[in-house]
Amino acid sequence: MSHKVGCTHCHLEFNENVMIVDSEHYFCCKGCQGIYHLLKDEGLDSFYNKAGDTKLTPPTQQYEDSSNFNSPAFYDKFVSINNEGFSDVSLIIEGIHCSACVWLNEKALHKMAGVMSVNINYTNNKAKIVWDDSVLKLSSIIDMIRAIGYNAFPYDASLQEVRANKERQDYYLRMAVAIFASMNVMWIAVAQYAGYFTGITQDVKTILNIAEGVLATPVLFYSGWIFYRGAYYGIKTKTVNMDILVATGSTLTYMYSIYITAFERGEAYFDSVTMIITFVLIGKFLEVLSKKSVADTLDIMSNHVPSSIKVVEEGKIIEKNINDVKVLDIIVVCSGERVALDGTVLEGEGNFDESNLTGESEPLYKQIGDKIISGTVSIDAQIKYEATKDFAHSTLSNLVSLLEGAMSNKPRIQMMANKISEYFSAVILGFALITFLVWWFWPHSFERSFMVGISVIIIACPCALALATPVATLVGLGLASRRGILFKQAAQLETMAKATTLVVDKTGTITQGKPRVVQEHIYDGFDRSLLYSLVQNSKHPVAKGVGEFVYQEGINNFELQSVKQIPAQGISAEYMSKMIFGGNAKLMQNQGFNLSNSLDPKGSLRPNGTSHVSENSEFYFAFDGKIVAKYELFDTPKVDAKESIKAIQELGIEVIMLTGDHQKSASKVSEEVGIKIFESELTPEGKSLYIKKLHDAGKVVVMAGDGVNDILALALADIGISMGSGSDIAIDVSDVVLLNDTLTSLSDAFKISKRTYFMIKQNLALSLLYNAITIPLAMAGYIIPLLAAISMSFSSLLVVGNSLRIRAGFKK
Amino acid sequence: MDSWVIAMMLGVSIFLGSIALVAFLWGIKSGQFDDEQKFLNAVKFDTQEDLNDAVDQEKKAKELKKKNYTPE
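Those sequence lines, one after another, are chains A and B. The opening residue of the first sequence carries number 13 in our numbering; numbering runs sequentially from there. The opening residue of the second sequence carries number -17 in our numbering; numbering runs sequentially from there.
No wet-lab data here; the hints were simulated from the structure. Given the structure is predicted, the values throughout are model-derived calculations rather than measurements. Fair warning: there could be bad hints in the mix.
As the list claims (entries may be wrong) - The following label-pair restraints were derived from C-beta to C-beta distances:
1) B:Gly(-7) - A:Ala274: 17 to 25 Å
2) B:Asp32 - A:Ala206: 50 to 58 Å
3) B:Gly(-7) - A:Leu799: 25 to 33 Å
4) B:Ile1 - A:Ala784: 38 to 46 Å
5) A:Tyr208 - B:Glu18: 38 to 46 Å
As the list claims (entries may be wrong) - Lysine-lysine pairs mimicking BS3-like chemistry, simulated, CA-CA at most 25 Å apart:
6) B:Lys48 - A:Lys123
7) B:Lys26 - A:Lys138
8) A:Lys556 - A:Lys590
9) A:Lys149 - B:Lys44
10) A:Lys680 - A:Lys510
11) A:Lys42 - A:Lys52
12) B:Lys11 - A:Lys510
13) A:Lys654 - A:Lys676
14) B:Lys42 - A:Lys138
15) A:Lys598 - A:Lys526
16) B:Lys11 - A:Lys178
17) A:Lys140 - B:Lys48
18) A:Lys396 - A:Lys383
19) A:Lys676 - A:Lys658
20) A:Lys658 - A:Lys556
21) B:Lys42 - A:Lys140
22) B:Lys26 - A:Lys62
23) A:Lys140 - B:Lys20
24) A:Lys766 - A:Lys658
25) A:Lys383 - A:Lys322
26) A:Lys52 - B:Lys26
27) A:Lys67 - B:Lys26
The beta-carbon is built from N, C-alpha and C at its ideal position, and this holds for glycine as well.
The whole structure should be built from the sequences, with the hints applied where relevant.
The following block contains the structure:
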C-alpha cells in the first residue's frame, strides 16, 4: 500500500515509497532536497510560504560546465559594460512558475557580493543583471541560479526589442503630458466659453488665455515633437503626410493664439492646439502598441537547437558546444533527442520523426548509411552518426537564413487610411491657403483672414481620421483575442480582410496531427489490457494512437518481461512466458504469421511491408502464436474542419491544401473536408514556391500551418497563421496565432477581419463626411472656438462609437 | 473679486497637478510600470524584511559604485 505525497520543494506528487525521507519532509529527488536545505541555510525558506502550492520543475543535473560563461568570446557576445563601469547581461530564466520564483531569484542574487541590481520580468522570464565583474564572474551568478533550482541562458537583448520598448515608453511619457494638459485646458476652456456667451472682462480672459497657453506649450513642443519629426521626414521625401497637416495647423494656431493673448483681442485657440495633438497622438500610440516586434532569430534558434551535443572523441563521449563541432566528428543521439547537424548514420538504427521538416506524418526508419537531417527528432533510435556539415551549413540553419530572407520580402499592402491621408492633408492645406487669400483680397483685415484660414485647418484636423483605423482595429483585435485569435499587428486585420486565397497545411492544421484508430478488428483470444500494457512501451505515434483507443476505465497495466523495440516494425514482449507482438505487417511476416488468408478476406493487405503507402496505417497484435487484433489508423481531420472550410469558402475565399505527405492521404483528407485544390509531397521550399506563384498571379494569400516545414511559406504569405500548439518557430514567424488550434477560429479570424475592415471604411467615410460639412462652414468664417472643440470631440466620439459596433454579430 | 485671485488659484492648481505629473513621469522612466504582473504582485512581497533588504541592496550598490570611482 502506498499513497501519494508531495515533494516539499517542487510539490509534485509521487508514491510515498519512492520519496526521499528527510526528518518530516519528503523529496522527490536529491536536487529538490539540496535546494530545500540551501534555501533554509540562506534564510530564504519563506519562499515556500510565498509559493503556496505552485508546482515547480525539479532541478535537472546535466548542465554544461558554467565556466564556459567566463570565456572572452562569450563576454564579447552577451555582456556589455555600462557607463558606470559595471557589467550587464540579459538572461532568460527557465523554471519560473510564480511570482515567488521571481522573488527567490532576485533575493538570492541580491545576497551575492558584487551584484548591483537584478530585475526579472515575470511575464517573459527575462532578467537583466548588473554586477561588478571585478568582484564576481558571470559563472558564479549562473551557478547560483542553478543552485536554487532554475536554469539560465543568456540571450542577445536584440536591438529591435530594446528599441521597441524605448519607443513605447517615449509615447507613454508624451501622452501623459498631453492628457494631463488637455484635461486642464478643458476646464479652463469651460470658463472661456461661459464667458463668451455671458460676458467676461478682458483681464480675466487674458489670465485664462495665459493659463491655457502655459499648458499648451509643453503639449505642442514636447508631445507634438513626434509630428514635427514626421513632418520633417515628409518634406524630405517630398510627400504631404498627416504629420505636416497636424504640425502646421497646431503651430499656426498656437502662434495666432499667442498674438491674440498679447494684443487682447478675439478668441484664443489654445484648447484646439492641445486637443488636436492629444487625439492624434493617441491614435498614433494605438498603432505603435499593436505593432509586431520582429522575431528575434537568435531566440528562435536557441529554443530549437540543442546548445550542446554529445561527441565521441578518443573513445570517450564528451559534451561540446554546437558551434565547435566540425565535419566528420562523430555524434551520439539518444531516443527523444533532436538532431542538431546533418550527417550519415554510422552505427545503430531506429525511427526518426521528420514531420517537423517534411510534414510526413509517419516516422522514417534510418539505418547505417542513411542520411539524417538536422531538426528531426529521434523517436526510438540510439545511433552514432558522422557530421557531414557543420552547424552553419546544416539544414536547420539554412532554413533560418532562408526564413530571414522571406520575412524581409514579405509584401506590404498599403493601408487604406494612409492612402487617404496623403491626399487629405494636401487638399486641406490648399483649402486653407485659398480661404485666406480669398478673404484677404475680398477686403478683410489680415487678422480676420488669417483667422478664417486657420479655422479651416483646425476644423479639418484629422482627429477622427487619425482615430478611425486604430480604434476599429483595436476593437477587432480585442474581439479576436477573446476567441483565442492573436493578431500580432493591427495592420494585418486589414490585409487579411483583403485576402483572396487561403492555403492550409494538412498535418496538424486540418488534421489532428496524430493517427487515430478508425477501424478495429478483434479475433479470438484478445485481451485489451495486454495490448494496452504492450503499447505503453512505445513512443511511436501509431502505438500511442492504439493506446489511446483501447484505454478504458479500470484497464490493467501488466508487467511485461523482456520488452524489445524492433525498429520500424514494432514491439515484442513476453507475458507469462508467452510471446506478444505488436506492430506492422512486416513484423508479423517476419515472425511467421500468415496475414493474407484468414484475417483479411478483402485482401487489402500489403504483406510486402509497404503499409505506409496505403491510406491507413495498420497495427497488428499477436499473442501466443496467433494474431488476435488488427487496427487501422488514420490521421483524421479535426471535427470542425469541414464546417469551417465551408464557411471560409462562402466568404469568397479560395481554399488550397498543401502537404508534404503522400498523395493518397492528401486526397482522402481533402475530399473529406471539401477542399478541391491540393498539392502533395511538397518540400518546405516547394510550399513557399507555391505561395510565390500565387503572389505572381495577383492573389493575396493567407497561409495556415503549424510545423517547421511551413515556416518559409508562413513567412512569405501576406498573412501567416499558426496553430498555438505548433512549433515555436512557426509561431514566431506567423502574424496570427490560433490559440485553441481549431479551424472554427480560423474562419472566425476571417469574419472578424472582414467586419473590422468594413468598419474602418465606414469610419473613414464618416470622418470625411463630417469634414465635407464643416469645412465649408469654416471657409465661410462661421467657426468659433467652442464649435471647433465640440465638433472635434463629437466626430472622434462618433468614430469610437461606430467602431464598437464591430462586436455586434459576434455575441457568443 | 480681483482677477489676481483667479490667476493665483489657476497657478497653484496647475503647479500641484504638475507635481503629480512629474512623479508619474518619473515612475514610467524608472521602469516601475514595465512589468504589470510584477507590479501587481509586489504587494505580496512588501514586508518589513523585504524593505530592509531593498535598503541593504541600495547601500551595497552605492558602496560598489564608490569603490569603482576611486581606482587611483
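Exercise. When you check the alpha-carbon spacing of B:Lys11 and A:Lys178, does it fall within 25 Å?
Worked result: holds, 10 Å
For this session: Given the hint that A:Lys680 pairs with A:Lys510, test it: the Cα-Cα distance must not exceed 25 Å.
Result: violated, 30 Å
Exercise. A:Lys676 and A:Lys658: Cα distance at most 25 Å?
Worked result: holds, 22 Å
For this session: Please work out if A:Lys654 and A:Lys676 have their alpha carbons no farther apart than 25 Å.
Result: With a Cα-Cα distance of about 19 Å, the restraint between A:Lys654 and A:Lys676 holds, given a limit of 25 Å.
Problem set entry | Given pair status - A:Lys556, A:Lys658, alpha carbons within 25 Å | violated, 31 Å
Exercise. So does A:Tyr208 sit 38 to 46 Å from B:Glu18, Cβ to Cβ?
Worked result: holds, 44 Å
Exercise. Is the Cα-Cα distance between B:Lys11 and A:Lys510 25 Å or less?
Worked result: violated, 40 Å
Exercise. Would the pair A:Lys52 and B:Lys26 pass a check requiring their Cα atoms to be no farther apart than 25 Å?
Worked result: Within the cut-off at roughly 20 Å; holds.
For this session: Take the C-alpha atoms of B:Lys48 and A:Lys123, compute the straight-line distance between them, and say whether it is at most 25 Å.
Result: holds, 19 Å
Exercise. Has the hinted range 17 to 25 Å been met by the Cβ atoms of B:Gly(-7) and A:Ala274?
Worked result: holds, 19 Å
Exercise. Would you say the C-beta atoms of B:Asp32 and A:Ala206 sit inside 50 to 58 Å of each other?
Worked result: holds, 52 Å
Exercise. Is the Cα-Cα distance between A:Lys140 and B:Lys20 25 Å or less?
Worked result: holds, 14 Å
Hints 10, 12 and 20, counting from the list given before, are not met by this structure.
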